[in-house]
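S.K.: The lines below spell out each chain.
There are 2 protein chains.
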Amino acid sequence: MRTTLELGKEIGYAKLSIEAVAARAGVGKHTIYRRWSSKGALFLDSLLSLNKSDLDYPDTGDIVADLRRQIHAAMDLLDRPPVGPLYRALIGEALLNPQVAAALNDHFITPQAEKTLARLKAARDQGQLSPGFDLDLAMDILSGPLYFRALIVQEPLTHEYVDRVIEALFTGMECRP
Amino acid sequence: MRTTLELGKEIGYAKLSIEAVAARAGVGKHTIYRRWSSKGALFLDSLLSLNKSDLDYPDTGDIVADLRRQIHAAMDLLDRPPVGPLYRALIGEALLNPQVAAALNDHFITPQAEKTLARLKAARDQGQLSPGFDLDLAMDILSGPLYFRALIVQEPLTHEYVDRVIEALFTGMECRP
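Chain order of the listed sequences is A and B.
The first sequence begins at 1 in full-length UniProt numbering and counts up by one.
The second sequence begins at 1 in full-length UniProt numbering and counts up by one.
Keep in mind the hints are simulated off the structure, nothing from the lab.
Cβ coordinates follow ideal geometry from the N, Cα and C atoms, glycine included.
Incorrect hints may have been included.
[To be verified] Restraint ranges, calculated between C-beta atoms of paired labels, are given here: (1) D76(B) / K15(A): 37 to 45 Å; (2) G26(B) / R80(A): 42 to 50 Å; (3) S37(B) / E167(A): 42 to 50 Å; (4) Q99(B) / D125(A): 27 to 35 Å; (5) A118(B) / K9(A): 40 to 48 Å; (6) Q154(B) / L135(A): 14 to 22 Å; (7) L135(A) / K29(B): 49 to 57 Å; (8) I11(B) / D136(A): 54 to 62 Å; (9) L50(A) / A14(B): 39 to 47 Å.
[What the hints assert, rightly or not] The calculated PhoX-like cross-link candidates involving lysine-lysine, where the alpha carbons are at most 20 Å apart (straight line), are: (10) K15(A) / K52(A); (11) K52(B) / K29(B); (12) K39(A) / K15(A); (13) K15(B) / K52(B); (14) K15(A) / K9(B); (15) K39(A) / K52(B).
Whole structure, please, built from the sequences with the hints as guidance.
M.R.: In structure tokens form, the structure reads like this:
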């Protein structure tokens, strides 16, 4: 899996193939195919093997500061080279291959969303957010604009942009009638 | 292009090929390759050939009602079969092929965003939104969660969900200090 990532960083996802990974790793391609059915599946596991402890949420008691810190860290990892272009390619692969989509959701998207929800829920329980605060919608309003800019508009994300999204979310949600 | 869409609806994007389109249309594949360099490019033009007048914004003077009507219509077209799965596949292709990404942005995403911005700006000029209302961010907070659910979480979108996003946006943005 380390070989897959190294090669991906060197030549990009489009040129990556199971044959090329096998050649670089010095194993037969069937050794790889026995464990991974496609390039997308191999690549997903390789990206997931990265240390993602940076993506855990701190809990300093200040929900806004903690969200900022975690989302800045996630963006620095997932939106910048070398991982950024590979992560975008993986999502492209997931949109074309339902098996990759299911694995990506089960092993990365859903667990990450659960961490965000848990941190928001703790803040609500501590009275930092109003009791009616809509946790699921908040999750989407935090993640959605970032994915939209990264995947659709394809512009680089900045910390300042993240801060504007967070501000809009909290100012908005707390002012609900 | 009509043949491409017909075939796409029948067999899905993954199985679609320029050869299959040529065979169905009764032309040589070189006839198609002369105009489109890849399956992604052909498919993009085919989707763009659909009548998209439903995606124009009404201006009844009520910004919330007009956004709701337009976004519901866009969602009914882009998220539901038969177009929905094909549109998601096209975005997957765009993430793997920068030429398709550039064409998709130039011919669809940017013009649509400009329509949304124009409608929001008209509302701001009419005093329906505060002078400091952040049009670009509003655009992302409207589109982002919808794309996030459709592409990443891969759950079906509902009109009720759109309404929650719109409500969060306006309650939020208008309550800013």
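S.K.: With reference to the structure, classify each hint as holding or not holding.
M.R.: Right, here's what the structure says about each hint:
Between D76(B) and K15(A) the beta carbon distance is about 39 Å. The supplied range of 37 to 45 Å therefore holds. Restraint check, G26(B) to R80(A): a C-beta distance of roughly 49 Å satisfies the suggested window 42 to 50 Å. A C-beta distance of roughly 43 Å is found between S37(B) and E167(A), which places it inside the suggested range of 42 to 50 Å. At roughly 49 Å, the beta carbons of Q99(B) and D125(A) sit outside the given window of 27 to 35 Å.
Distance hint check: the CB atoms of A118(B) and K9(A) are about 41 Å apart, consistent with the given range 40 to 48 Å. Taking the beta carbon of each, Q154(B) and L135(A) are about 20 Å apart, inside 14 to 22 Å as hinted. About 52 Å separates the C-beta atoms of L135(A) and K29(B), a value consistent with the hinted range of 49 to 57 Å. In this structure the supplied range 54 to 62 Å is violated for I11(B) paired with D136(A), their Cβ-Cβ distance being about 35 Å.
L50(A) and A14(B) have their C-beta atoms about 28 Å apart, which leaves the hinted 39 to 47 Å range violated. At most 20 Å may separate the alpha-carbon atoms for a hinted pair to count; K15(A) and K52(A) exceed this at roughly 26 Å. The hinted pair formed by K52(B) and K29(B) fails the criterion: a straight-line CA distance of about 28 Å is larger than 20 Å. Taking the CA atoms of K39(A) and K15(A), the gap is about 11 Å. The hint holds against a cut of 20 Å.
Note on K15(B) and K52(B): the hinted pairing is violated, with a Cα-Cα distance of about 26 Å set against a maximum of 20 Å. Under the criterion of a C-alpha separation no larger than 20 Å, the hint pairing K15(A) with K9(B) is inconsistent with the structure, at around 29 Å. Restraint check for K39(A) and K52(B): the C-alpha separation of about 36 Å exceeds 20 Å, so the hint is violated.
Figure legend: structure checked against the earlier numbered hints; hints not met, in rising order: 4, 8, 9, 10, 11, 13, 14, 15.
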